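Here the protein sequences come in this chain order: A and B. Quick note: the first sequence, position 187, residue 187 per the numbering used here, numbers continuous. Quick note: the second sequence, position 172, residue 172 per the numbering used here, numbers continuous.
Calculated from the structure, these hints are not laboratory results. On a predicted model such as this, the values are computed, not experimentally measured, just so you know. Take these hints with a grain of salt, some might be off.
Which residues of chain A face chain B? A few of them, derived with a C-beta cut under 10 Å, are [what the hints assert, rightly or not]:
hint : residue
1    : L741
2    : E743
3    : R769
We put the beta carbon where it would ideally sit given N, CA and C, even for glycine.
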Amino acid sequence: MPAVFANWFAVRGWSPRGHQLALLAHAQNGESALLVAPTGAGKTLAGFLPSLIDLAATKRRDRGRGVHTLYISPLKALAVDVARNLDAPVIDMDLPVRIETRTGDTPASRRQRQRRDPPDILMTTPEQLALLLGGADAAHLFGSLKRVVLDELHSLVTSKRGDLLSLDLARLRTLSPNLAATGLSATVRDPDELRRYLVAQRGKGEMAALVTAPAGAAPDLSMLDTRERLPWSGHGAWHAIHEIYEAIKGAKTALVFVNTRAQAEAIFQQLWSINEDALSIALHHGSLDASQRRRVEEAMAQGKLKGVVCTSTLDLGIDWGDVDLVINVGAPKGSSRLMQRIGRANHRLDESSRAMLVPANRFEVLECRAAIDAAREGAQDSPPLRTGGHDVLCQHILGMACAAPFRADDLFDEVRSAEPYAHLTREDFDAALDFVATGGYALRTYDRFAKIRQNKDGLWRVSNPRVAQSWRMNVGTIIESDMLKVRLVRGRAVQAKARAASSGSMLFYPAKLPGNAASRPTYTGPLARGGRMLGEIEEYFLETLAPGDTFVFGGEILALQGIVENEALVSRAHADAPKVPSYAGGKFPLSTYLAERVRKLVSNPRNLGALPEQVREWLSLQKRVSRLPKPGDLLVETFPRGERFFLVAYPFEGRLAHQTLGMLLTRRMERMGLRPQGFVANEYALAVWSLGDVAGAAKAGRVSLAALFDQDMLGDDLEEWLEESALMKRTFRSCAVIAGLIERRFPGKEKTGRQVTMSTDLIYDVLRRHQPDHILLRAAREDASTGLLDLARLADMLTRVQGRIVHEALERVSPLAVPVMLEIGREPVYGEAQDQVLADAAQALTQEAMGQ
Amino acid sequence: MSFAVAEKRTAMAPARLNVSGVSFLADISGALFQEDERLLIVADLHLEKGSAYAARRVLLPPYDTAATLARLASVVIRLAPRAVIALGDSFHDVRAGERMAEPDRRALAELQRGRDFVWVAGNHDPEVPTFVDGERCATFSIGAVTLRHEPIAGEQAEIAGHLHPVARVVSKSGGLRRRCFASDGKRCVMPAFGAYAGGLNIRDAAFSPLFPVGVTSAHVLGRSAVYSVGSAHCRPD
């Protein structure tokens with residue numbers, strides 16, 4: 001390490017850590033490397049040290065004209081934050097290094113200048129990189145690129161953004177063959193996957209070097225042993241709200257993590273309703289307007305906040321001041337996720353981070369117990385790497401054509417060097433190419449409308465400048481479900497304004513801090529149509545509301561005034577029972593690993609001792625009246641209740657897989673004449689109710705449970721259901737947008753989500769009938785199997801339990817079944833009941849007419 | 001989340017729709033059928049909409065024309081009309097004929113065979129391609145009821161298309177958005193028949209001058225039947 005750097009460390013009383021030096025050594029040898037390190041280990045500095053040293057040693061005129069080091073972060077805010085942190089050493093050591101960020105917010109003039117005169121270090125996001133690589137000057141920008149640093153790699157690679165980034169990384173290697181990649185990652189289950197992701201794949205599973213930082217002090221983990229009665233179901237954790245409040249009060253700064261935005265809103269409301277000490281508690285989640293979030297983040301960094309209720313938006317890397325307690329409300333869902341969150345408390349390695357888990361119901365106690373055990377063992381369950389999506393490939397192929405004419409063979413080789421696409425077949429690549437060119441239809445009528453064409457020289461090029469323009473406007477893989485902006489306007493009712501004093505205050509927090517209810521800011525002044533933006537909300541939630549209905553958003557109660565174009569106009573209101581939006585995103589499934597541990601925990605009576613008294617009693621009673629499910633078995637209970645017959649199964653495979661199972665199971669029961677009426681699923685169990693008696697039919701030998709759960713339900717039943725499934729249509733829509741079949745935005749015209757939804761559903765129907773093997777339908781099927789339908793997990797489960805279905809025919813509901821039974825009717829169906837909705841409404845009309 | 005299993009309904013009585021005293025069957029396909037005269041009425045087929053997008057390099061699946069014609073053919077076989085009246089915008093644009101593939105042309109000719117066809121002009125298709133058989137006209141009458149493409153506010157009884165009505169229905173089982181017939185006993189605006197035709201909510205302002213006292217009922221196209229839904233259950237978007 002050069003003297004100036006060694007000094008810089010020494011002046012601060014620091015010395016470079018082993019992993020920082022190891023990473024430097026790899027970089028100086030021109031090798032790619034993965035650094036796995038816990039939070040607080042100085043990951044970012046480790047990532048940039050080699051670049052700074054190299055840049056300091058090379059005179060500007062001896063460098064290439066392009067970017068020296070490219071830094072990619074999953075979050076815009078993180079890129080900006082890291083750039084700021086990096087300024088310190090650069091200024092301190094007076095290094096001749098120019099660092100700039102480039103995000104969606106960067107002004108056009110600066111972007112142009114960056115292309116002309118690139119900085120030494122460019123910090124950006126995967127989407128911006130894709131755009132730069134699709135430009136004609138990509139070779140100028142990146143031809144002399146030495147290093148690329150990929151931050152929070154573990155979180156990037158599990159999504160389609162990771163697919164896109166891997167393809168762009170492959171292109172960077174083509175532009176600058178000596179490029180070395182450095183990945184920075186939290187601890188993961190299988191570092192080798194990430195090591196392969198970082199380097200070109202040539203069929204031998206090539207890997208980057210691995211540097212592992214020593215683990216920090218063991219975390220101080222506890223589960224809240226509540227004084228209150230533990231609820232049977234629900235995710236609100238209301239019972240523990242006072243205990244959560246006390247914990248926040250006792251900490252310097254506490255992060256309260258919840259799993260969904262709806263829970264965040266609800267917990268936030270609850271905390272404020274008991275906030276007698278006027279603790280400065282703020283709210284942070286992905287639907288809130290960015291400026292609102294920035295305000296919370298700044299207040300937090302300045303140590304002004306006592307607590308922040310947040311969702312996974314704060315899971316990732318930005319350093320937010322002095323958090324000394326993490327409270328995880330609800331199920332942790334996975335041990336890696338839990339550890340990541342715990343890491344948010346305390347950024348000093350040698351001190352243990354303190355975390356408290358608050359289970360919201362009895363099943364969650366089991367999950368918390370399993371997660372704590374896993375975390376103590378350091379067991380990781382981060383999801384496996386993806387197989388690259390075909391829709392992303394389509395987008396990339398068009399982007400590469402926009403950059404420069406290409407030869408299909410060359411691009412195929414380049415694409416296959418990206419880890420997620422290492423096993424891509426030539427057939428699939430050609431199908432993607434064909435899709436980009438003419439839509440990939442068997443009926444070849446679009447040749448004259450091709451987007452890209454192969455010329456006589458064998459090169460593919462864009463057929464029309466408008467194609468490139470439209471590609472640039474649609475780059476990216478994050479498809480927001482149809483979101484409407486929420487804009488605050490003056491309410492129609494004067495009364496709503498008067499009452500805003502009690503309900504509308506929290507949003508403005510922390511702008512004016514804190515004070516009692518009366519002195520808190522209440523009203524921002526006159527608001528016409530162009531009122532303040534509060535954030536965004538899923539369209540399908542708003543569709544369930546009528547004007548005047550109230551809901552909770554951003555910590556306050558709002559009344560819907562109406563929807564105008566893509567904006568929901570709302571006013572402040574007062575209501576006793578406002579709705580809480582159920583957001584589509586943010587509901588992580590229970591990890592397979594944790595599910596396995598929960599199953600083991602439940603099955604072994606010896607484990608019960610470690611559980612709270614209330615849970616122990618509950619499980620012992622279950623053992624007496626029915627049985628505890630064994631790992632590997634599928635326990636199925638049946639019992640009559642009211643005028644219906646219930647079937648409850650305990651696969652422990654997560655809500656999504658259970659929902660799919662419910663859909664398929666009820667179809668099959670219908671055919672068996674069991675007249676199913678409905679079903680409900682949670683993370684652990686599935687309950688189906690029917691007019692026919694399943695247990696009786698099984699006893700009489702007319703129905704067998706083995707046949708009911710036979711894996712062939714994934715055949716015709718699935719096909720039939722997929723045809724009408726709203727979830728499948730939603731999945732298809734996002735593939736169609738990513739692949740570029742439908743444009744989110746096209747030059748000169750903004751298309752609203754509403755119109756897009758309409759047309760992709762129609763397209764789906766037509767395409768399914770006429771070309772079921774079309775590349776986009778295949779891509780949607782792939783997504784569904786791991787996404788909203790979780791088919792892969794369901795298929796594994798059905799295979800696993802063959803011959804291992806244990807049936808308990810009971811007289812009445814079992815203790816274990818209570819939680820799932822309590823969820824019946826809690827949430828409405830959407831999109832799946834089809835004609836039922838119309839039949840209800842038609843019946844209402846008949847009743848109206850008959851005067852009933 | 002709990003889900004209701006849709007009940008299997010035994011054959012529902014076919015939905016009927018009255019326009020100024022003339023009774024029609026509101027078919028699940030989105031067509032109207034006048035049984036005494038055996039007249040079948042369809043609106044807004046928008047043939048070759050997919051290829052019209054393709055010409056602007058939005059490469060939608062080129063199967064919409066075939067899909068629309070196949071649906072029309074199945075209604076024709078089922079109801080065996082003496083004549084079919086297409087209420088305009090049958091072709092997505094004036095060049096649709098040039099883009100129409102040979103098999104689709106044959107399918108159209110086939111379903112025209114043995115019955116009369118009337119092409120009412122629409123704003124998208126002031127002229128129907130020359131190779132297509134059938135009578136062309138601006139409007140058509142069934143008794144006192146005028147059939148035209150674009151509805152005109154006023155007292156006269158009429159059946160029209162053009163607006164592509166859809167209803168958003170919300171009940172305790174959830175919500176959905178479906179094509180529908182909008183009517184008030186004097187006027188009926190028919191749902192679009194074309195596979196790629198989008199929809200306009202019947203609560204949109206465009207419908208208000210046509211139905212001064214409101215749409216009394218929306219005949220909504222379900223999966224297995226046509227449901228008559230009161231306006232109170234039809235929500236705006």
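Okay, the hints, checked on the actual structure:
Annotation: A:L741 was flagged as interfacial toward chain B, and the flag holds, the nearest CB pair being 7 Å apart, inside 10 Å. For the restraint placing A:E743 at the interface with chain B, the shortest Cβ-Cβ distance is roughly 7 Å, inside the 10 Å limit, so the hint holds. Look at A:R769: its Cβ gets to within about 7 Å of chain B, closer than 10 Å, so that hint holds up.
This entry satisfies every hint, going by the numbered hints stated previously.
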